[in-house]
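Asks: So the chains spell out like this:
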Amino acid sequence: MPELHETGSAPKLRFDHLSKAFVSSPRAGEPILGDIEFDIAAGEFVVLVGPSGCGKSTLLDLAAGLTDPTAGRVLLDGRPVTKPGPERSVVFQNYALLPWKSALENIVFALAAAGVPRGERHKRARHFLDLVGLEHAADRYPHQLSGGMNQRVAIARSLSVEPEVLLMDEPFGALDAQTRETLQTELRRLWKRTSATIIFITHDIDEALSLGQKVVVMAAGPGRIVDVVTLPFPADASIDDVRAHPQYGHLRHYVRSLLSHGAGRA
Amino acid sequence: MALQKTSGAIMDFAVSPPVETRPVTLSLRHIARWSVSAFRKSIALVLLAALWEIAPRAGLVDPLFLPPLSKVLQAVWTGFASGQLGVHVLASLLRAIPGLALAIVVGVPLGLLLGVSPRLHQVFDPVLELFRNTSALALLPVFTLLLGIGESSKIIMVFYAAVWPILLGTITGLRGVDPLWIKAGRSMGLNRFDLFRKIVLPGAIPSVFTGVRLAAAAALLVLVAAEMVGSRAGLGYLINASELDFDIPGMYAAILVLSVIGSLTNSVLVSVEKRLLRWKAP
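Top line first, the protein sequences correspond to chains A and B.
Numbered per our numbering, the first sequence spans residues 1 to 266.
Numbered per our numbering, the second sequence spans residues 1001 to 1282.
Keep in mind the hints are simulated off the structure, nothing from the lab.
Just so you know, even glycine gets a beta-carbon here, dropped at the ideal spot from N, CA and C.
Do not rely on the hints blindly, as some may be mistaken.
[As the list claims (entries may be wrong)] Incomplete in silico selection of chain B near chain A, CB under 7 Å:
no. : residue
1   : 1118
2   : 1120
3   : 1176
4   : 1177
5   : 1180
6   : 1186
7   : 1187
8   : 1279
[To be verified] Under the rule of at most 25 Å between Cα atoms (straight-line distance), these lysine-lysine pairs were calculated in the DSS-like manner:
no. : chain 1 : residue 1 : chain 2 : residue 2
9   : B       : 1198      : B       : 1041
10  : B       : 1041      : A       : 101
11  : A       : 83        : B       : 1041
12  : A       : 83        : B       : 1280
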């Protein structure tokens, strides 16, 4: 096994021969993920793309410490992940906001859970609502907000605990195309501003190619990494610029063929 | 490596317009809408009252057996003025409220216990089903034999009728908590106790409250029957006693008071529910 602390460029997050099998009865023992081996550097924006059933959400749960691996481990700064922690924050597809709490209270709730002192919570929650452009909606309940607004609240909630790693599980999957594109742009901007490490899951090729720096292409049966594509687009390019880039079409075709090839074998 | 907070908000966020806004001011339009709904809700009641008044007077029904509404209202008035009706209302309430309170105190914790432990639920479910489907009225003689004809047997009757909806409401509430909320709570690092206290419990409250509301209705229903069968006070007793005395307006007065108490209880509970659960989508 390679030494982790030998240089300053040790990975932020390392998936170390990671495997996961079903635990409960109908499919117990059947592998979900087989021997995942992958490093993510600090500040990197990595997008995982793959068909449903390729274990990409499981991979994220493992990184979040929400579930235990069958074999191997997840290392955060060289230390094994065993449980959730405030240095990793998850954004879920269906927002996972508590419906009985207002937008502001939902963020305050996360800050309380992360151990932020009581006196600081409200100020900080307002700051992060402001950051996602929702200061006017602080006192509204999730059912009074649109899907896009709810996801902004959820993103603000995740950012408010100032995580080192942001884990995003198809966060824009339930949104309409226009809202989705707006949030993609905003997310890129937030990432550049915050220098957080982001792992983003999607099954949308265009989203995968235009958001991050690396695209990890996965296949199902059992879940595995087929290729890692490092994107050639400049970090400050807008999503429109990225999509107009001469290599975009070629990369899109390549990733698409990997995905359909993987699906064919599964 | 924590996020660098900067004072300047990201411009695109700052200037992006609100997607939707719902003003919550009280306007003329609100008042107009409220009036229309109040009008609609009262049409049928007014018609019923009119029919009740006219039918006996026009000879469509025997006024001896169904006196006009005005006579019944008069009986309500004299009943309260003489203090007699008040005594019976109080007697009923002093059975219904303790019985319902006991049902809440027992039903909610028991429901929580059975709701969090599927195994325990599996063990007790058959017994619970059996009890739940045994009419409280059928057990009236049993309670009377065991507890005598005093207050305690009636309070236990009410308790028995009220505890099932509360118990089931609590169990259903716990089952209905969205697993995603729990997953989110876990990802925030909440321990099991906090997950329960801060996510599961508040998430279950709507269903618990519905259970309490159904229990209140069941409590009144069973209480009146119990009072009719073996009691010296209470609205159920009064209905029966008035009929035997051939005080027919008095009998309808007691029935009317009972209906009003039931409806008021329900609407109070509904409004508390709405206030408590204003976060719920309408």
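Asks: Evaluate each hint against the coordinates.
Replies: So, going through the hints one by one against the coordinates:
With a cut of 7 Å, the hint placing residue 1118 of chain B at the interface with chain A is violated, because the nearest CB-to-CB distance is about 14 Å. Taking 7 Å as the C-beta cut-off, the interface hint given for residue 1120 of chain B is violated, the closest approach to chain A being about 20 Å. At its closest, the beta carbon of residue 1176 of chain B sits 12 Å from a beta carbon of chain A; the interface hint therefore is violated under the 7 Å criterion. Given the 7 Å rule on beta carbons, the hint for residue 1177 of chain B is violated: about 11 Å separates it from the nearest Cβ of chain A.
Of the supplied interface hints, the one on residue 1180 of chain B holds, with its beta-carbon coming within about 5 Å of a beta-carbon of chain A, less than 7 Å. At about 6 Å, the closest approach between the beta carbon of residue 1186 of chain B and any beta carbon in chain A falls short of 7 Å, and the interface hint on this residue holds. At about 4 Å, the closest approach between the beta carbon of residue 1187 of chain B and any beta carbon in chain A falls short of 7 Å, and the interface hint on this residue holds. At a threshold of 7 Å, the smallest CB-CB gap from residue 1279 of chain B to chain A is about 4 Å, leaving the interface hint in force.
Between residue 1198 of chain B and residue 1041 of chain B, the direct Cα distance comes to roughly 39 Å. Violation of the 25 Å bound is thereby established for this hinted pair. Proposed proximity of residue 1041 of chain B and residue 101 of chain A is contradicted: the alpha carbons are some 33 Å apart, above 25 Å. The hinted pair formed by residue 83 of chain A and residue 1041 of chain B fails the criterion: a straight-line CA distance of about 56 Å is larger than 25 Å. As the CA atoms of residue 83 of chain A and residue 1280 of chain B are separated by approximately 32 Å, the hinted pair breaks the 25 Å bound.
Of the hints listed earlier, those the structure fails to meet are numbers 1, 2, 3, 4, 9, 10, 11, 12, in rising order.
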